[in-house]
Amino acid sequence: MDIKQYTPAEYKSDQPVRWCPGCGDHAILNVLHKAMAEIGVAPHMTAVISGIGCSSRLPYYMNTYGFHTIHGRAAAIATGFKVANPEMTVWQISGDGDGLAIGGNHFIHAVRRNVDINLLLLNNKIYGLTKGQYSPTSDRGFVSKSSPYGTTEDPFIPAELVFGARGTFFARSIDVELATSQEVMVAAGRHRGTSVVELLQNCVIFNNGIHNHITDREYRADRTIHLKHGEKMLFGKEMNKGLVRDGFYLKAVELGTEGYTIDDVLVHDAHTPSNFLHQQLAMMDGHDLPLAIGVIRDVDAPVYNEEIDAQIAQIKSKKGFDTLRSMILAGEHWTVE
Amino acid sequence: MLEKADVKTIDKVVVRFSGDSGDGMQLAGNIFTNVSAGIGNQVSTFPDYPAEVRAPQGSLSGVSGFQVHLGIGVHTPGDQADVLIAMNPAALKQNVKHLKKGGVVIVDIDSFKESDLKKAQFVTDDPYTELGLKAQVVEVPVTSMTKAALAESGLDNKSVLKCRNIFALGLICWLFDRPLEAAIHHLHHKFAKKPAIFEANSNVIRAGYDYGANIHAGVSTYRIESEAVRPGIYTDINGNTAVAWGLIMASEKSGRPLFLGSYPITPATDILHELAKRRDLGVKAIQMEDEIGGVCSAIGASFAGNLAVTSTSGPGLALKSEGIGLAVMAELPLVIIDVQRGGPSTGLPTKTEQTDLMQALYGRNGESPVVVVAPASPTDCFTMAFEAARIAIEHMTPVILLSDAFIGNGSSAWRVPEADEFPEIQPRYVPEELRKNWRPYMRDEATLARYWGIPGTEGLAHRLGGLEKDYTTGALSIDPVNHEKMVHARKEKVERVAMDIPELEVLGDCNADTILIGWGGTYGHLRSAAEELIKEGCPIAFAHFRYINPLPRNTQQILSRYKNVICAELNTGQFADFLQSRMPGLQIKRINKIQGQPFLISEIKAGVKEILGK
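These protein sequence lines map, in sequence, to chains P and U.
First residue of the first sequence? That's 1 in our numbering, and the numbers climb one at a time after it.
First residue of the second sequence? That's 338 in our numbering, and the numbers climb one at a time after it.
A hint or two may mislead.
[As the list claims (entries may be wrong)] Result set (DSSO-like, lysine-lysine): computed pairs, CA atoms no more than 27 Å apart in a straight line:
id : chain 1 : residue 1 : chain 2 : residue 2
1  : U       : Lys-484   : U       : Lys-471
2  : P       : Lys-316   : U       : Lys-614
3  : U       : Lys-946   : U       : Lys-930
4  : P       : Lys-251   : P       : Lys-232
5  : U       : Lys-590   : P       : Lys-319
6  : P       : Lys-316   : U       : Lys-590
7  : U       : Lys-773   : P       : Lys-318
8  : P       : Lys-12    : U       : Lys-773
9  : P       : Lys-316   : U       : Lys-531
10 : U       : Lys-434   : U       : Lys-455
11 : P       : Lys-319   : U       : Lys-527
12 : U       : Lys-773   : P       : Lys-316
13 : P       : Lys-318   : P       : Lys-34
14 : P       : Lys-318   : U       : Lys-930
Don't read these hints as lab results, they were simulated from the structure.
Please read these numbers as outputs of a predicted model, since none were measured by experiment.
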């Protein structure tokens, strides 16, 4: 193993970063450099693969192997890359349009297979590169250039797709929450299998403030909850609120009111195989219940590329062919003298 | 055993096995083919599967056939059969059109009862008259003889009936003087894990053989000419398997692991099946969620340093277009296999055509040149798959291999090549002296190929992408002049492949004033037609294209020698149009067929004679 320590700067390429000033992508890029340094995989053992969209420009700003591909296909390209060269650590960068609209099929199948890639889904609920059309995560009624009277369709909730595809890892952060972003990226990098990290990101030009009802400093602490495995589900500026069970549902309570005490507050278990509670936590949206950030689900399961390698090793040792010719000669053939 | 009454010596013969899809006609045909190849006959076969997955037993739509052509000078599975085996009335009805006038039909008379005739929609009780059959009919009680032979076997009735095909095979082995031991050897291989079934089948095949010897059937038996074939180890191979094996050979010769990203599609799926089995050789073949996933996973694998391949048919090639464009732009090696079928849209999925040529050459956005090659026969699929991989890796370009349903499913005896018969493939790694200042789009001077920096190599981390890049630095560039320069570089790179492929060869009568040309899977029919035309006093030269883009470098020089250039192809003239676009002034006369069926040799001969006014 490589024991050299890397600095964030060593993951940074020499190309000028061309996102708009104030774009949430800048913060995410900087945090990614730091997370990679913390994980410690060498830049030349790292590949960053993206589709098309503003966020998909990211590989050009990395001093790793990188591939800026075509719209929607990053998950399929990353899957082939990882299967072909499993020694490499693979990161995928996609936006909500790239990952969930044109690339929705590849996205759910990558998650289903549990191929070992780390998928950062930068969700700004808008198409930025094409200058402002609604995306598959835009809320019903959202007004944009392509929905001048408001959309007439419901959005995807990325977490719900991940659980529907039997995902083994889901985490969430917000572009402005640098420490949490780094924490979830490092956890994603260390998870074996497909790690989906949803990053709520602000498009300062076409959708400025779309996440404000959650991200505004004034009430962020009350409308988000930072989940940590093994810790009580507490939130609020004073950390005096908690999540408790209420029949089949979750309920946010203030400790000391209605007879609730710290003992009633749930403890987060990210590693339990059942996704029932994980899904309830991930679906909280900051209205009645706080939006969950941090690692919501992180469970062990067979990893697609590892299973392929294991199967090859097993079959090869059983059959013992070393070349095409030896395989053919084990089958039906005849000799002409 | 009695002496054979009348033995005819012939140079080639076409035999067609037909029956219900559950009757095992493919197995009987395959064993007959392998035995024939083993005694030095040239062989060419074609299976004719029903279009339905499971049609009702005995029905017209459930008929399965297998045609084999054997002897000397065999280049195709043959136009029409000399001998037809029909295991039931439906098989007879469906295959009568494939029988030569005056040929021999062998029927299982036990399966010609009233109910069987009804299932095959005969309206009278005389199927021969109803079909207007002009053939010698030999009625053999195949079912009852099979039952009699296995009376003591202890097998249940269903298992006994499954041996009917092997009784018929025994009879055909007698008819064509095939060594029974060789056939039994193949049966042993097939049923190695089921000794009781092997025992039953080896009894039944003898019974069938002895039946022929004993009945003095009023048919001649045949001795088929054979010729000394090149010594070596042989096996029966179809085009799709040959593609898979050629790719494995290229992987061995290049040292790059083989990756296939694919999605099931008729008639290409057998390539995926074969390479999926070859995990025993370390091949990573994965079934993706769709055609686009197939090509994209392969592009990812190529970037990662593998010999990467995707396999499909026409509709899938359409879906992969954008991905192929990315491989053009990123200048990554990629092999795309298109086993062509009838189109457009879903078209005729199980039938053959050559209608994807224009799609392969031009079916992408932007100036997007790729190399296009086309195997000529089932066994040539091995060579051309190897070639596709070699060109892709050595020239850093996508290569499309245009096979088709006819050669993909057709098979021939194939000599297993020795290890040194195929050249080493030299991946274009970043040269040591360039490593310090390497940029991803630096090019090899001779070929204009860029170098392949394999991920995981320290010091070679680089970024590729679908956006235009600067010719020198490899950084993003929207400079107009640079873009034009890159377009020309990518085009020139593909054109220079011409220096690295064989010249076009002329067969037949080189001094004739007419040349017949074609490309890809029609080789056998065209060559046979040319040979027969020459024999019939119609001098003609023949040249066949396996390299389409770029064309062999002597193409113009060859074609300009002839007064008449006749191009025969299974489309409306795509290759002829392509040639004329490359060689303005060249007049090409055309023979075209778009029926989902291969050419008949007779059709090509008639077409040539009509064009020449003979």
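These are the hints, each one checked on the structure:
1. Lys-484/U to Lys-471/U: 31 Å, violated
2. Lys-316/P to Lys-614/U: Between Lys-316/P and Lys-614/U the Cα gap is close to 11 Å, so the pair holds against 27 Å.
3. Lys-946/U to Lys-930/U: 16 Å, holds
4. Lys-251/P to Lys-232/P: Roughly 14 Å separates the two Cα atoms, so the pair holds.
5. Lys-590/U to Lys-319/P: 22 Å, holds
6. Lys-316/P to Lys-590/U: 19 Å, holds
7. Lys-773/U to Lys-318/P: 44 Å, violated
8. Lys-12/P to Lys-773/U: OK: Lys-12/P and Lys-773/U at ~19 Å, within 27 Å.
9. Lys-316/P to Lys-531/U: 25 Å, holds
10. Lys-434/U to Lys-455/U: Roughly 20 Å between the alpha carbons, so the hint for Lys-434/U and Lys-455/U holds.
11. Lys-319/P to Lys-527/U: 18 Å, holds
12. Lys-773/U to Lys-316/P: This hinted pair is violated, its Cα atoms lying about 39 Å apart.
13. Lys-318/P to Lys-34/P: Between Lys-318/P and Lys-34/P the Cα gap is close to 45 Å, so the pair fails against 27 Å, i.e. violated.
14. Lys-318/P to Lys-930/U: 49 Å, violated
Comparing the model with each earlier hint shows violations of hints 1, 7, 12, 13 and 14; every other hint is respected.
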